[in-house]
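*Asks:* Heads up: the protein sequence lines correspond to chains F and W, in order. For the record, in the first sequence the residue sitting at position 50 is 50 according to my numbering, with numbers rising by one throughout. For the record, in the second sequence the residue sitting at position 86 is 398 according to my numbering, with numbers rising by one throughout.
Honestly, I wouldn't trust all of these hints.
[Unchecked claim] Far from chain W, by Cβ distances over 12 angstroms, these chain F residues were calculated:
1) F30
2) D31
3) P52
4) N82
5) L184
6) V198
7) F231
8) N234
9) E297
[Stated by the list, open to error] 25 angstroms max Cα-Cα, derived PhoX-like pairs, lysine-lysine:
10) W:K362 / W:K387
11) F:K240 / W:K409
12) W:K579 / W:K625
13) F:K132 / F:K26
14) F:K108 / W:K387
15) F:K108 / W:K552
16) F:K141 / W:K344
17) W:K426 / F:K144
18) W:K387 / F:K240
19) W:K509 / F:K62
20) F:K128 / F:K144
21) W:K552 / W:K672
22) F:K125 / F:K209
23) F:K63 / W:K509
24) F:K62 / W:K387
25) W:K387 / F:K63
26) F:K141 / W:K409
27) W:K474 / F:K298
28) W:K409 / F:K209
29) F:K62 / W:K512
30) F:K240 / W:K672
[As the list claims (entries may be wrong)] A few chain W positions that, by computed beta-carbon distances, are all more than 12 angstroms from chain F:
31) K409
32) S461
33) N491
34) N507
35) K509
36) I549
37) N663
Since the hints were made in silico from the structure, they are not lab data. Predicted model, so just to flag it, every value in this text is computed and none were measured. Glycine included, C-beta positions come from ideal geometry on N, C-alpha and C.
Residue strings, one per chain:
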Amino acid sequence: MPVLFLFLLIFLSLLYGETLYLPPIKEFTFDGKTIDTKSFKGELVYVQFINPKSQDQIDLLKKVYNDFIKDNLLVSLVFVNNLRIFLNNFGEVPDNLYVIDQNYSTYKSLFSVPLCCEACFLFNKDSKLLFKFSEFYNYEKHIKPLIISILHNRDLTLSPQSHFEGHFIFEFPWLFRFVDDIELASYRFSIISFHPDVCTSCPSGMIIKYLNQLNNKNTDIYVASIVSSDFTDNDIENLKDHLHINYDLFRDDGYLSEQLNEIFLKYGNPYMGNVIFIIDNSGIILKTFCCDQFYIEKFIKYMKDYIRRNYK
Amino acid sequence: MMLRPIHKLPIIALLIFFLITVFSNANQNITKDQILAMWKQWLKEYPVPKMAKQIFLMDYFPKENQVNEGIYFYKAYHLAYYPKDKTIFVADWGQHKIFQFDLNGNLIKTIGKKGQAPLEFEYPGEIFINDNGIILIHDQGNHRFQIISLEGNFIGSVKLYKPYFSYCFKKDNLLLANNSTLNNQEPLIEVLDLNGKFIKGIGARKDFPIQSPLNNNVYISQDKKGNVIAVFAFYDIVRKYDLNGNLLYEKLIPDELIRDVSRKNKKNMQFKDGKASCLNVINALYSKDDNHYLLLTFPRLAILEFDSEFNLKNYYYWPETSPSYYSFDFFVEKYNSSDIRFFILRRAEENRIEIFGLKK
């Protein structure tokens, strides 16, 4: 019988592929409760796979519990691969937290979670997958805003970009202070980018490389990048040196990053860092690039079109 | 029976698939049966040489009683050994902290927690201790190196702006190898001081028939004099440079498995969408005085010992290796000619340091 059950799960896993829907699961929790995911219909369902040796994963569950599960805003289903360590590190398990410690690897494959890592999921009231996060998340920046947006039925068509575009840069003093000495009117337009961190193989490095090329070719475009407050003078000097940067580099004092984070949270968007502002010579923010996975390509395409239109 | 090249194709294809799967952690479609079949095939195809000596698993840590006390690795990927104090430092990428053990596996201390401040880490990867006892930790998530004392006190931190394949910190400066560029004008190895300032480049990149940013991935180490050893990860090539960057030799590694894989890579090397279709059988390089050791884990755990001229001196292997044995860091402690121990940081799912000794 267990073998048949496993085959059924594997079959279901193939059927569901990338787990677009919450699979039907009937199982006992570690403390003897029976759960049936069919009964979760009409509820938002949070599923988390936990290797309890990772404090990050335990902390994530605690945060989701305190913010949402405790007040029954979400139904939770938690799979753990070592109950003893889980109980040690998590503490007392509340009644409305369903923890399953059986067949961990089978359930992992049912939800298409890679062997190497763990993951968490949110399913909507029709059991359809809303999001899946692997281990590299930031709860405050990525997961919490999404859950809040979903719970509040926010119009997600509004984005942080809409907060800036068409507005004067001096409406955002926390950003304007970096360029208030620059005579913006003497440039055709200006580009300011913000990077919490920089590496050449990451989006930040690609943006900086492109901005450097742009700056070298066009003397009438003002280019500046702002890096986060944890960059030392030596780090900034090395950054200029290693990446051959010859435009203005500023260091945030923490305020800019705080403001950006607040705005992104307001729109329920994950804040991934790397925000690019394009400002015309009257100080109006024409365009903002951030957030989605293709924003760099969109930014470069926009710049090419803009330059083609304006440099005839 | 040796297979003719055409018959080897499915095996090669399967192996490529397996290695991409294992090393990129991207695709989970390969079955355990397929891995097992390939593993058996390779065991037959590449028997151990006649000179090979068996090793056996003597011990490991953390042990079950330590796990019960909360001492365990989650994703420990790299270690560093400080012979003067006979102490081991392990960076746990998933727990964002550093463990210090003695050689018997007793925990001495842990350093750090998750975060961005000094002595806080996000996904600490490679860890090194130089001859003076200065510890360097690649704080990957924060894109920096943190420099700390043997006692665990913060000394400094330097941001890193390029991805590198491997690192070495044995003397005063940090050596970094290959920043995944196709630009063969860039040096093979960059030397930075502990303020992150570029000092000089060492060695030239090698031209290969198929262009790939992975071609010049080299494991690096330094011998007693500070000469730099560079072992190509995908080819059977080893080079030795002096600290002025003069090439002292370039040789072929005398091992049939490494040579065959190298030959296949010359034909199959490709790099598309962040995935490589090449094989990597050399898992790590460790140098002690004038001896150099290569770690191989597939199809069997093997440690190849070379002299300063990279002539094969000894071949150690563990006959009980499972197909899923997986490690990318180790060190060697030699008590006398007959008592040599290999400390191997075994990755998931075991997550522990395994100590191997010579079978009497």
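*Asks:* Has the given pair, K141 of chain F with K344 of chain W, been kept, meaning a C-alpha gap of at most 25 angstroms?
*Replies:* violated, 38 angstroms
*Asks:* Does the alpha-carbon distance linking K63 of chain F and K509 of chain W stay inside the 25 angstroms limit?
*Replies:* It is violated: about 41 angstroms lies between the C-alpha atoms, which goes past 25 angstroms.
*Asks:* Do the alpha carbons of K509 of chain W and K62 of chain F lie within 25 angstroms of each other, as the hint requires?
*Replies:* violated, 43 angstroms
*Asks:* Checking one constraint from the list: CA of K240 of chain F to CA of K672 of chain W, max 25 angstroms. Satisfied?
*Replies:* violated, 58 angstroms
*Asks:* Verify this label for me: N663 of chain W is non-interface relative to chain F, using a Cβ-Cβ cutoff of 12 angstroms.
*Replies:* Violated, since 8 angstroms does not exceed 12 angstroms.
*Asks:* Given the proposed pairing of K132 of chain F with K26 of chain F, does the C-alpha separation stay at or below 25 angstroms?
*Replies:* holds, 22 angstroms
*Asks:* Since F231 of chain F was said not to touch the interface, does its Cβ keep a gap of more than 12 angstroms from each Cβ of chain W?
*Replies:* F231 of chain F not clear of chain W: closest Cβ-Cβ about 7 angstroms, inside 12 angstroms.
*Asks:* K474 of chain W and K298 of chain F: Cα distance at most 25 angstroms?
*Replies:* holds, 24 angstroms
*Asks:* A cut-off of 12 angstroms on Cβ-Cβ distance, and V198 of chain F was said to be off the interface with chain W. Does that hold?
*Replies:* violated, 6 angstroms
*Asks:* Does P52 of chain F sit more than 12 angstroms from chain W, CB to CB?
*Replies:* It is violated; P52 of chain F is separated from chain W by about 9 angstroms at its closest Cβ, not greater than 12 angstroms.
*Asks:* Using Cβ atoms and 12 angstroms as the threshold, tell me whether K409 of chain W really stays out of contact range of chain F.
*Replies:* Violated, because the least Cβ-Cβ distance between K409 of chain W and chain F comes to about 9 angstroms, which does not exceed 12 angstroms.
*Asks:* Is it true that the CA of K426 of chain W sits at most 25 angstroms from the CA of K144 of chain F?
*Replies:* Between K426 of chain W and K144 of chain F the Cα gap is close to 19 angstroms, so the pair holds against 25 angstroms.
Of the numbered hints listed earlier, those contradicted by the structure are 3, 4, 6, 7, 8, 10, 11, 12, 15, 16, 18, 19, 21, 22, 23, 28, 29, 30, 31, 33, 34, 35, 37.
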